[in-house]
Every structure is written in C-alpha cells, then in structure tokens.
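The listed protein sequences correspond, in order, to chains A and B.
If you use the numbering used here, the first sequence corresponds to residues 9 to 277, in order.
If you use the numbering used here, the second sequence corresponds to residues 9 to 277, in order.
If you're looking for bench data, these hints aren't it; they were derived computationally from the structure.
Among the hints, erroneous ones may be present.
A pair holds if it fits inside one copy or across any two, identical chains being indistinguishable in the list.
Stated by the list, open to error - With a cut-off of at most 20 Å between alpha-carbon atoms, the simulated DMTMM-like pairs for lysine to aspartate or glutamate come out as follows: (1) 148 / 25; (2) 146 / 277; (3) 148 / 27; (4) 148 / 54; (5) 100 / 31; (6) 30 / 150; (7) 30 / 273.
There are 2 protein chains.
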Amino acid sequence: MSNYRETTENRTIIRIDSDGRKEENDLIIREHALTITLSDGKFVKDRRYVTIFCSPSDIEQLGVGFLLSDDIISSIEDIYDMSISDDGSEIKFLLSSNANLAETLMSKRDITSGCSRNLNPYEFLQNLKIDKLSSNIKVKAETIIQLSNQFQSISSLYKSTGGTHASALCDPDGILIFKEDIGRHNAIDKIFGECLLKGIKVEDKMILTSGRISSEILLKVAKRYIPIIISRSAPTSMAIEFADQAGITIVGFARGRRMNVYSHEYRIE
Amino acid sequence: MSNYRETTENRTIIRIDSDGRKEENDLIIREHALTITLSDGKFVKDRRYVTIFCSPSDIEQLGVGFLLSDDIISSIEDIYDMSISDDGSEIKFLLSSNANLAETLMSKRDITSGCSRNLNPYEFLQNLKIDKLSSNIKVKAETIIQLSNQFQSISSLYKSTGGTHASALCDPDGILIFKEDIGRHNAIDKIFGECLLKGIKVEDKMILTSGRISSEILLKVAKRYIPIIISRSAPTSMAIEFADQAGITIVGFARGRRMNVYSHEYRIE
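Take these sequences, add in the hints, and give me the full structure.
See below:
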C-alpha cells in the first residue's frame, strides 16, 4: 500500500491530441477525506465534528488549524492528545477541560441553528468583535515583489499537477512556512496549525496565498490578527470591505514587478 | 443605489509598478451573501437554511439549484412560491407539501448530526444509490475541442476581473447555458436551477467547468445523471474514483487541440 500522505498518484489516462489517441501515465492530484473526531474525556466522546476534503499532507497541522479557525480551540493547551488512524482518514483530538468542548459545541448550535453554514459573514464580523488592527508594520513594495516571486518558484506541486493552492507565512526576510492543498482554506489552516504546534507568533507576519481572497479567507486571517495578506489573484468586494473595517492591508495581483493595494495602503512603502 | 445584481463594482485602488505608485479605478468582483429561507406553510416557517457566498447574478437559479443539489427539492412542483428581498440578500421559498420539508430537514439532521459538513463523500456515494450510468451518448473529440474553445471565448467576466469560475451545459451542437460565479459549485447550481425552472432535460447533456473537478463537483453532476464532464483543469483522484463507479466520463485539461480522458473513455470518439 502506498503512503497515504502522498499528495499525488500515478494513473493511466487516455491522452488525445493532434497525434491521435494514446495511453499515458499521468500524475493525478490526490483528494483525501479527513474526518475530525472530538472528545473531552468527560461529556463528549468520539464525536464526529467534520469531514474535510484535502491534500493528505500535514494532516496534524490541518486538524489543529481547522479547530483553531473554527473556534473549537484557542491555544495549544486546549489539546490534550491527538492521534491519526492508520489510513489517515481520521484524526482524533482529546481536548483538555479548559477547552469547554461541550459548551462550545452547544453555543455553536445556538448561534447557527446547528449548522455553521447558517452564519453569514456580516454576523460573523460582528460576533468576532476584533479590535481594528493598529499594527504599525510597514513593508517595502520591493519586498513584496521578492516574496511573491519566491512564493511562485516554490509552488512546485502546483506546477506538476495544476490543481492545488498554496499559502505561505512570511516576514520581510522571506518565506517561513509554505503549505499546499487542493483547498485554499486548508492551505491556510495548515499554516496556522503548524504555528500553533511550534509556538510561532503570527500577528507580526504576512500571509501569501495563490488563490482569490474571499471574505472567508479574509476573516480567517483577521481572526489571527495578521496585518497584511498578499495574493497573485484578486480580492472580492466583501473581502475589501471587511479588510477596511478590520484594519488589514490587502495586496492583490502581485505578479512580476507590479501589485494592487486594495486597503490600508499605508503599510506598503 | 446600484443594482445589487451587478457582478462587479468600481473601486479606487493603489497600483504600484515600475512607474511608481498611483491611484487607479479598478473593476472588483462582487461577493454577495445570499441567505435561503424555507417555509412549508405548515410546520416550518421562515427557517434560515443556508447562507451562500456568491456572485449576485442568477439568484433565482442559484437558489433553486442549491435546493436541488442539497436534496431539499426534487422537482419544480416542490416549489410553491419564491421571492427575493429588495436588496437581494435573501431568497424565500415556500415549498409545497409534496416536498415534505419538515421530514427532509429532520432526516438530514439524523444522517449528518445536524450539520451537512459531517457527511463524507464515500457515505454520500453509498447513500446516493445511483445506478451506474449506462448512457450510450458518444461525442467526437473534435466536438469537445470546439466546445472547450467556445467556452473559453465567452468567459468574459473572468477575463475582466480574474476571479470567477464558469460552467456551461452543452450538447454536441454547442453551449446551451453559460453561468459564472465566484464559486465553482455555485456556477453549476445556477445551471441546474435554470434547467429546473425552464424544464430543460440535463441527463443527455454535458457539463463544462473552468475549475478543478473535485469529488463534490463530480457528485453534484452524478446526481443529475450527466454522463460527461469536461474541464480545462484537473480532476482529483477521488473524483476519478467516483466517476469510475458512477459510469461518468471525465475529460480534463481540454485546452487547444488536446485533452486527457480519465474515465469511461468509450464515450469519446
């Protein structure tokens, strides 16, 4: 059996082009179903919380990051233990009593009628009560150009299979953490999970992402108090609106030697 | 007030390039929060079902298509009435008693522990009990090349803002319906919604999509018994696996004069 953490697999496909039709070996991007199960050793036992469709790399980081983004945990102390099933399809978390799991699950149910799909981003932003970020961090445009180019050159998986998104945590000196996933959200959660596991501070850093900056991506970054988000792609209107309110700088279309700044431009020198 | 159905808006941004830094007017892709509310005139009253982040075009089609994909309705007769709020943020459905809304919501809760996020695709495929598609439809490779090129040339919104996905319903003679959205899933739901509203049969047609074919996209198409799905991008391993089982032909990387066929190649001549 192959290693379940492989993010690609070989498969025979039929290639049709002007030379005709032939069988070929092709590299396919793997999609993995990861179920997160939660226990608190007391009231909640092996409760299936969510199934995430992901690239099967950095499963621990993804699990931890997802719980952080989803407000199930707020610090590494909330995790008492975690374990991954042999085939990688399940990650079990035993949370410490500090995490108040039963209470958190209950309050989530109240807010969202039992399903988090019901929370719209405006309510979310209000519930969040984030103080407007007043970080004085400033970055040179030249630095952003360098980071964006560096980011592009290490997106190797993307180049080989054409199907993944990449995200990176960086500071002005370079890229610190780089993650890829078939989902934009997962790639960022993997970063936050790794930072929580390794005790890396994120609120003085920047996030780079290959994908569009939607309201959900912006909120994920806002919740971690990150002052600057950079993409090679476009932000949506709602992401810009939220960034205005939350005090976050959005840089989009950072390609080659150009970029667009959509909010709080004073941070880009 | 501008028309809420506009999919783009103008905004002043700061553009930085080798010529320096200047204010510019830019076209931003709009992201819209659409809440679907359900009633059955009896047991369920104005129940908030979901909030979808979408491009605000084809809101009716999106609402109807979402309910179809989510198994809340199965035919147009299930919808007794629908109305959209003045600002387009809410679409209300009054379902007919045939739709058994209360029962459907209850059974969804049972299957998914109150949250559809808990259903993994393997269970989903089992629950679905779709007969393996035995459609004898065949399509010439040349036709796929033409459709893919036509699809590319009408993806106009994509060209102007770089942030949307497109999907189309087509038959061998050309593209019948074309929809765009910031979400891959939404673009396909808009197509299915329009087909339901207009009484257009889909099970003898093909779906074209600009984005990656993930398991969720594949299942959405499988539930409508569509025999062929074509993308300019890559399918994931899980999508190919499901397509093998469900009898669906996946064509990927359909660009220029080439394509890859990942499953049930006999339909491509």
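Do the hints match the structure? See the list:
no. : hint      : in the structure
1   : 148 / 25  : between (46 Å within a copy, 12 Å between copies)
2   : 146 / 277 : within (7 Å within a copy, 58 Å between copies)
3   : 148 / 27  : between (50 Å within a copy, 15 Å between copies)
4   : 148 / 54  : neither (48 Å within a copy, 51 Å between copies)
5   : 100 / 31  : neither (41 Å within a copy, 50 Å between copies)
6   : 30 / 150  : between (47 Å within a copy, 16 Å between copies)
7   : 30 / 273  : between (53 Å within a copy, 11 Å between copies)
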